[in-house]
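Trainee: The chain contents come next:
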Amino acid sequence: MMNQTAVPEVAVDWRRALRIGLLGGAVALYVCLVGMVEVFDARALVAGVITLGQTSMVLAGVGAAYMAIRGQSLDRNRAALAGVLAGAVTGAFPAVLVVVSEVVNLRAMFLRASPGTTDVLTLGLGVGGAWVPILVLAVVGGATGLLLTARSDIRQPTSAALLALLLVGLFAGLLRPPLLASTVTAALGRFLLSDNGLTLPGAVFMVIAAVVGRLVRRRISLRSRLAALPPARKRALTPAALVALLLLVLWLPHGIGPFFAQVVAVVVLYVLMGLGLNITLGLAGLLDLGFVAFFAVGAYTVGLLTSTAEYGIALWPFWAAVPFAVLLAMAFGAFFGLPILGIRGDYLAIATLGFGEIIRILAGSDLLKGLLGGPRGIINIPKPVEVPPDHLLAGPIQIYYIGLVAALVVAFVAIRLRASRLGRAWIAIREDEDVAEALGINLVQTKLLAYMLGAAFAGLGGAIFAGLLGSIFASSVTLFVSINVAALIIVGGMGSIPGVVVGAIFLIGVPELFREFSDYRFLFYGAALIAMMLFRPEGLLPSRIVQRELHVPKSDENGDAPAEGDGPATELSPGTAG
Amino acid sequence: MRTSAVDRITEFAIAAFLWAFRIAVILLVVVGSFLTLSSGKYSWETWSSLIVSGLSTGSIYALIALGYTMVYGILRMINFAHGEIFMGGAFAGYFVATLFASAGFLDQGPLPALFAVAVMIVVAAAFSTVLALLVERIAYRPLRNAPRLVPLISAIGASFFLQYTFRGFFGSGFYVYPDVSVLAQRVPIDFLRLRWVDVLVVVSAVVMMTGLYLFVMRTRMGTAIRAVSEDKSTAQLMGIDVNRAIVTTFAVGAAMAGAAGVLYALLFRQVFFFTGFVPGIKAFTAAVLGGIGNVPGAMLGGLFLGQVEAIGPTLFLDGLNVPSPNQLKDVIAFTLLVLVLVFRPSGILGERISGQRA
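Read top to bottom, the protein sequences are chains R and S. Counting from 1, position 142 in the first sequence corresponds to residue 142 in my numbering; the numbering is continuous, with no gaps. Counting from 1, position 291 in the second sequence corresponds to residue 291 in my numbering; the numbering is continuous, with no gaps.
Please note: incorrect hints may appear among the correct ones.
[What the hints assert, rightly or not] Here are the in silico distance ranges between beta carbons for each label pair:
1. S/30 x R/344: 28 to 34 angstroms
2. S/95 x R/103: 15 to 21 angstroms
3. S/343 x R/437: 45 to 51 angstroms
4. S/47 x R/386: 53 to 59 angstroms
5. S/27 x R/408: 31 to 37 angstroms
Hints were generated in silico from the structure; no laboratory data involved. C-beta atoms are modelled at their ideal positions from N, C-alpha and C, and glycine is treated no differently.
Only chain R is shown next, with the shape it has when bound in the complex (with noise of 0.2 angstroms):
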């Protein structure tokens, strides 16, 4: 597809222009079928200018202008033209959209076929507007040709600032409250941020910031400098970067307002049972789909044995419980471990999957509704430590550093074990079971004890995420509990505990931020495993370990078509396309 070796022509290659402009349409297309277009018209990125369902748009042009023109040496004129129509075609399908959809009940079958949509792409036109996206997308198909081949002192700076407008936009909504909450800033805050996205005079002041940061960049180009730093500065200066790292982990639930601390104890809860899946999966090779099974046992346990209301059965403190529920989801992952370790890897996933099914159904279930409260669940779940609703711990903030030291903890023993006799086992078993056995390695045991570890930790997860809602449900044990574990570690990074914090800001923290698009959450969640397995399969930051062995030398063992995308890093970085 992609793989075409950049030839050093003058001509544009106007097939594969068209060819990227059919492919741009038909992602367009999808975006606005898929109801992208019309939900995030909803958020301004400026106010009152342009809107996310607008930008979804124009940065489909963007993309398909940018793969039309890269790898090619074009002057600037035909790199414009390339660009114009890769553009043209790719608004053309959306045009072609908002024909149809006149013409044809479209609604019938797909429901964002809608006025709504048309609105967008026709910038409130109707149908008589359909030439807009064709337009609008074949001059941001030229502008993006123009600004690929002009001087690195113009292009470097205006993406700084459209990628600071996006950015910042995006980010608005976030970031006013706080800037409003003190005097000092809260002139700031209104004059750059609206109620919905940033204002007309803060997007031209953004603009202005980021050229004009970038042009300072490029004067003082501080990594320069930095590796110009005498050897004994320099390791002086990792302690006082640690520092600063910590001082801002510690103070980032306070910092920007409840909704935010609630989020960030969510990503740290994820951190946490994303590094107890970690040793599961990174280190021992075992893909536990099941993985919610184990958060249940954890959140169930807390909540029988802390609970003030109907189910609950010894009204023990929260810290007593907490321990007795990790052991208990320990035995449940020797109980479910050992019949299935024995089995292959990719069996292993489907088998665990169903674990996580029977526990789910089990919970929900009439046979255990006695116990467990059926769909109604266990409520009332005292909170780690009680204190007044004002107070510095109030609320999630506590859970996020109770979660912050339990996730430290982990990684800490993950940390160990991996050095130790036991994690090279678990490591020699996921590159090679037979050697692995072959060497005296007890398959069953080494995997059961990396089985149960995980489980131990999901379970402090679930016994934690207990604390932090004060109930739990049989509808909060669901499969996407396991998948968004497994999607993050797989994300960010197998086997690394760096990429495991990486992973759960992505997968986690970013969609939380935007709930009122938490429809489109999972179709992300599925683009980015395909997309992470076809160009980064060892994830964003990976183990070097990990990388080393992913990244083999095709063998030619069987000689179906040529080799597909993932060759030898090109020079250019992959692409802007939303």
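Once you've looked at the hints, dock chain S against the given chain R.
Mentor: Just chain S, lined up with the frame of chain R:
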């Protein structure tokens, strides 16, 4: 790690545990069945209707399982998105069905209805095939030589992507299939509670499976597929277009799944974006049950799973006074999956992916 006393003790404990597990399951089944049967609570009428429903869901599982088993046979990969291919077929069938319903085809006697159903099945099969080929091209083909976990994860991604694409396109609500009045009527046999829809499902499943079996065993392409399953590089040396064999496998499996989607929807009368997930896992169970890679095995496994699931809750659990045992039918299916994986991983008929058959 050397075998020490501790190791031997744990090994013994593991073996003991597995035996206890076997015995517990067998005890549960035997005692439960005995108690249920001896209580005489259920008449032949009830049992027969359970068996019939097990037969029809079982044949649907069998149809889906064929796709899993063939793809596993040829690529050693669990096509996790197969359930979504099935769901896509059900959706395609729905839109065709509404067209026929508005044209009045569905309540004008058996022939027009049968014609409508046939068209639905063909369209659904075609749509599912296109969908599966797209997935194969984008998400699987570039990963053919990657380590095993990589295509599996990509397949999980594809599964979610498809689910939520359908949700975006068609919303999260249930789509109720239009009434086909003929199919809801009872077959005039006194001692069996049998509706025409059950007959339709079972007969079309049998026809399609026979067709598939003949295709795999008798045609050139089928031979090529079997050869590639056996040994890719040798097959290629013999002049077989490996890529074409793989793509054909996906296409055939998807067509079966699409058709199964329509049959499933005719049986249960509704479809939504999550419809494919549970039947997908069940069908995988069926494929493992019959011996993955083994085409007749998938059919047998599907029928067996359908029966266990239909009769199981009542037969095993009702006698033990479990409240609303039907809630637990998925638990029984997944337990069966684990039992098979643990105690007979090669399935009832044995895997045909290892070596003895060309």
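Trainee: Indicate, hint by hint, whether the structure satisfies it.
Mentor: Going down the list of hints, with the structure as the test:
no.	hint	verdict
1	S/30 x R/344: 28 to 34 angstroms	holds (30 angstroms)
2	S/95 x R/103: 15 to 21 angstroms	holds (18 angstroms)
3	S/343 x R/437: 45 to 51 angstroms	violated (21 angstroms)
4	S/47 x R/386: 53 to 59 angstroms	holds (57 angstroms)
5	S/27 x R/408: 31 to 37 angstroms	violated (46 angstroms)
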